[in-house]
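Colleague: What follows is the residue order along each chain.
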Amino acid sequence: MSEIKKHDTPMMEELKKGPFPSFVDDIEQYGEKHKKQACFDLLGQLELSYKHKETHWKHGGIVGVFGYGGGVIGRYSDQQDKFPAIWAFHTIRVNQPASKFYHTSALRKLCEMWDHRGSGMTNFHGSTGDIILLGTVTEQLEPVFFDLTHQLKMDLGGSGSNLRTPACCVGKARCEWSCIDTQELCYDLTMTYQDELHRPAFPYKFKFKISGCPNDCVASIARADFSIIGTWIDDIRIDQEAVKAYVGGELKPNAGAHAGRDWGKFDIQKEVIDLCPTQCMYWDGEKLHINNKECNRCMHCINVMPEALRPGTDTGATILMGAKAPILEGAQLSTVIVPFIRLEPPYDELKEIIENVWMFWMEEGKNRERLGELMQRVGLANFVETVKLKHVPQMIKEPRSNPYVFWKEEEVEGGWKRDIKEYRERHPA
Amino acid sequence: MENRITDIGPPYYAQFFPPVIKKNYGKWKSHEIIEPGVLKYTSETGDVVYVVRVGTPRLATTDYIREVCEIADKYCDGYVRWTTRNNIEFHVTDEETLRALKEDLKSRKHPGGSYKFPIGGTGAGVTNIVHTQGWVHCHTPAIDASGIVKAVMDDLIDYFESMTLPAQVRIALACCLNMCGAVHCSDIAILGIHRKPPLIEDDRLEYVCEIPLVLASCPTGAIKPATVEIDGKKKKTVRVQESRCMFCGNCYTMCPAMPIADGEGDGVAILVGGKISNRVSAPKFSKLVIPYIPNEPPRWETTVKWVRKILETYAKHARKYERVGEWAERIGWERFFELCEIPFSSKTMDDYRLAYDTYRTSMHFRFTSHVDIK
Numbered sequence: 001m002s003e004i005k006k007h008d009t010p011m012m013e014e015l016k017k018g019p020f021p022s023f024v025d026d027i028e029q030y031g032e033k034h035k036k037q038a039c040f041d042l043l044g045q046l047e048l049s050y051k052h053k054e055t056h057w058k059h060g061g062i063v064g065v066f067g068y069g070g071g072v073i074g075r076y077s078d079q080q081d082k083f084p085a086i087w088a089f090h091t092i093r094v095n096q097p098a099s100k101f102y103h104t105s106a107l108r109k110l111c112e113m114w115d116h117r118g119s120g121m122t123n124f125h126g127s128t129g130d131i132i133l134l135g136t137v138t139e140q141l142e143p144v145f146f147d148l149t150h151q152l153k154m155d156l157g158g159s160g161s162n163l164r165t166p167a168c169c170v171g172k173a174r175c176e177w178s179c180i181d182t183q184e185l186c187y188d189l190t191m192t193y194q195d196e197l198h199r200p201a202f203p204y205k206f207k208f209k210i211s212g213c214p215n216d217c218v219a220s221i222a223r224a225d226f227s228i229i230g231t232w233i234d235d236i237r238i239d240q241e242a243v244k245a246y247v248g249g250e251l252k253p254n255a256g257a258h259a260g261r262d263w264g265k266f267d268i269q270k271e272v273i274d275l276c277p278t279q280c281m282y283w284d285g286e287k288l289h290i291n292n293k294e295c296n297r298c299m300h301c302i303n304v305m306p307e308a309l310r311p312g313t314d315t316g317a318t319i320l321m322g323a324k325a326p327i328l329e330g331a332q333l334s335t336v337i338v339p340f341i342r343l344e345p346p347y348d349e350l351k352e353i354i355e356n357v358w359m360f361w362m363e364e365g366k367n368r369e370r371l372g373e374l375m376q377r378v379g380l381a382n383f384v385e386t387v388k389l390k391h392v393p394q395m396i397k398e399p400r401s402n403p404y405v406f407w408k409e410e411e412v413e414g415g416w417k418r419d420i421k422e423y424r425e426r427h428p429a
Numbered sequence: 001m002e003n004r005i006t007d008i009g010p011p012y013y014a015q016f017f018p019p020v021i022k023k024n025y026g027k028w029k030s031h032e033i034i035e036p037g038v039l040k041y042t043s044e045t046g047d048v049v050y051v052v053r054v055g056t057p058r059l060a061t062t063d064y065i066r067e068v069c070e071i072a073d074k075y076c077d078g079y080v081r082w083t084t085r086n087n088i089e090f091h092v093t094d095e096e097t098l099r100a101l102k103e104d105l106k107s108r109k110h111p112g113g114s115y116k117f118p119i120g121g122t123g124a125g126v127t128n129i130v131h132t133q134g135w136v137h138c139h140t141p142a143i144d145a146s147g148i149v150k151a152v153m154d155d156l157i158d159y160f161e162s163m164t165l166p167a168q169v170r171i172a173l174a175c176c177l178n179m180c181g182a183v184h185c186s187d188i189a190i191l192g193i194h195r196k197p198p199l200i201e202d203d204r205l206e207y208v209c210e211i212p213l214v215l216a217s218c219p220t221g222a223i224k225p226a227t228v229e230i231d232g233k234k235k236k237t238v239r240v241q242e243s244r245c246m247f248c249g250n251c252y253t254m255c256p257a258m259p260i261a262d263g264e265g266d267g268v269a270i271l272v273g274g275k276i277s278n279r280v281s282a283p284k285f286s287k288l289v290i291p292y293i294p295n296e297p298p299r300w301e302t303t304v305k306w307v308r309k310i311l312e313t314y315a316k317h318a319r320k321y322e323r324v325g326e327w328a329e330r331i332g333w334e335r336f337f338e339l340c341e342i343p344f345s346s347k348t349m350d351d352y353r354l355a356y357d358t359y360r361t362s363m364h365f366r367f368t369s370h371v372d373i374k
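Taken in order, these protein sequences are the chains called Z and B.
With our numbering, the residue at position 38 of the first sequence is 38, and numbering never jumps.
With our numbering, the residue at position 153 of the second sequence is 153, and numbering never jumps.
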């Protein structure tokens, strides 16, 4: 193996200082140990970017593996003479297991493969959820894919105008609030729609995210075109003895989340009752009362008193749609489309909704138009009708204030075909 | 195409569950944060599991992952998980192992002195910064990601390792306004922005760009088709009406012949007040309060200073459970600017489409230092 060339990187050196884990130190240690020129060339190019305050990656790059239309992000340096080991530096997205539990036997195999076939650098994880293998050359893409599928039993994630890799919160694996089986649903949707994930057939990207409760720990409402958020329709379960233990100071509010500062003695009136957004709670000094009919299930009281309050047991999910980042028409959060749906395998009712939405968007969506933008363009009411769902007040925050209402001809008595002569018989000009 | 395996999807999640997780799946009863970075979950079966959460730089080598494996093998029967904010969580079932695990994690440092696995990120503190590729891998960034995140987290490590804030504070970074990740819905967000219109490479554009896509990529309709003559040959290209361009860079995403990056022009904008959870108030978008801070590699001192200033002003004034956005809305944004000592700028006033909804159509405001009283 030829000698490793290190670049002069004084600004990278600065990023070794300070207490938070230094990616520079990690990359440099790795590069030295494994004699990886790519590590030093990456730090060298990053140093140059720090000097110029501009990126040194060329625009775009279309690479991949046979049979798939996505999963690999091609990238080429614009300083190939200076940093030849990263002249091509493609990223491979690997579909993570739902909620990102691993066993080291699998991780070690992945590391060995990546040492051998790539830069040794990764992101754990990409924002959508994938394991990111950061940096390899085009010739290694097929061998990486072969090793992933044959030896590691792993597949690529999504990129491009397709279904991206679904992700979920930790769910029932380790949370007492999860109203749905987030991992099972995430896995089922990922497997059901493998074709849509690997072979781009959509107007633009489409993301699923699944959270077990309205705390939304996977940020589904902000980061998925199709957001599935667990909820319940019966009463919050109350353990009155535990409520008293909070009031008496034996239990720490919010499970101790504020323990680093003296906020005074727990005050159930101030910290729970008065902060309830619907004002549907009442503490009589002995018992906690919740008017569940008025509760909007925001999770606050449950978050504050996890030993005393739990979500109901008649559970399902709310489906919201249309979240996206600003480009093109402005950022959107997902909006309520199905207030409540029960979710049990094989999730047929849910899949029918998904497929109706896709059918409409694939037909009507413009090039690079996210679902949320299509919903804006055709109007929420039209969208809901087209995907065969029912209009309900839960879909809106408030009724429209302008009177610019569309009626269909068949909704109006007598229709729209009128005769001016007939009108003039009643109203001479 | 021989021997090709496709469409197998991810590994089945449950094979990676630690035994205590598998056994108590769906049976968890409650949890407790016993100290910063350490959670205890209790099951209806009586089982308990302790979770130690540690910060990571997200960008990591296989050796770093191997070190995680070594720790997981030693204390956790080889099981480990990552969170939705790129922290790592180790699971143990007894206090003795918990103590040993914590000691071990605290002892591991890089040669430069940084901790490899700082314990924290729970409760009402600052947890890991969700961030993007920056100059490490992307072609459209206006700022770096990993470097700024390191600089900000070095400065805020005490808040990562403690729970002293009114509520959890989510910081996110995106290196351009594609906003990959969570910038549009975070308590404090660091966003890369440009301030110069794109360059136009007339001699190359028609060969590398689909002009209709370029025209359609502009949110303000600033791009028009054009024809130019170069060396006696007519070439199709585009023109940007500069007064209508707000430098989003989306045309460059579509067209490699319209580069926009500029060392002097580019920099950081700060947004605040977003949230995702439904707790008490509805999810909120973050709002732009500082329109521009120059790029200052390698340590971005001004950005770091403003993030701390906003965080500490919030910590001082907000009520228990109140997120940054809830606090700012309660006291009024005029008071937010005054308390944080952020100069108010015309740039923070919306002028895109539904901007009217963000104007003050009431008499309800506080007098602050911004108003000239003569």
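In short, the hints are calculated from the structure, not lab data.
Predicted model, so just to flag it, every value in this text is computed and none were measured.
Please note that the accuracy of each hint is not assured.
[Said to hold, decoys possible] Simulated crosslink set (DMTMM-like; lysine to aspartate or glutamate; CA at most 25 angstroms straight-line):
1) B:316 to Z:14
2) B:22 to Z:262
3) B:305 to Z:14
4) B:309 to Z:344
5) Z:265 to B:312
Colleague: State the violated hints by number, sorted upward, taking the hints as numbered earlier in the document.
Modeller: 1, 2 and 4
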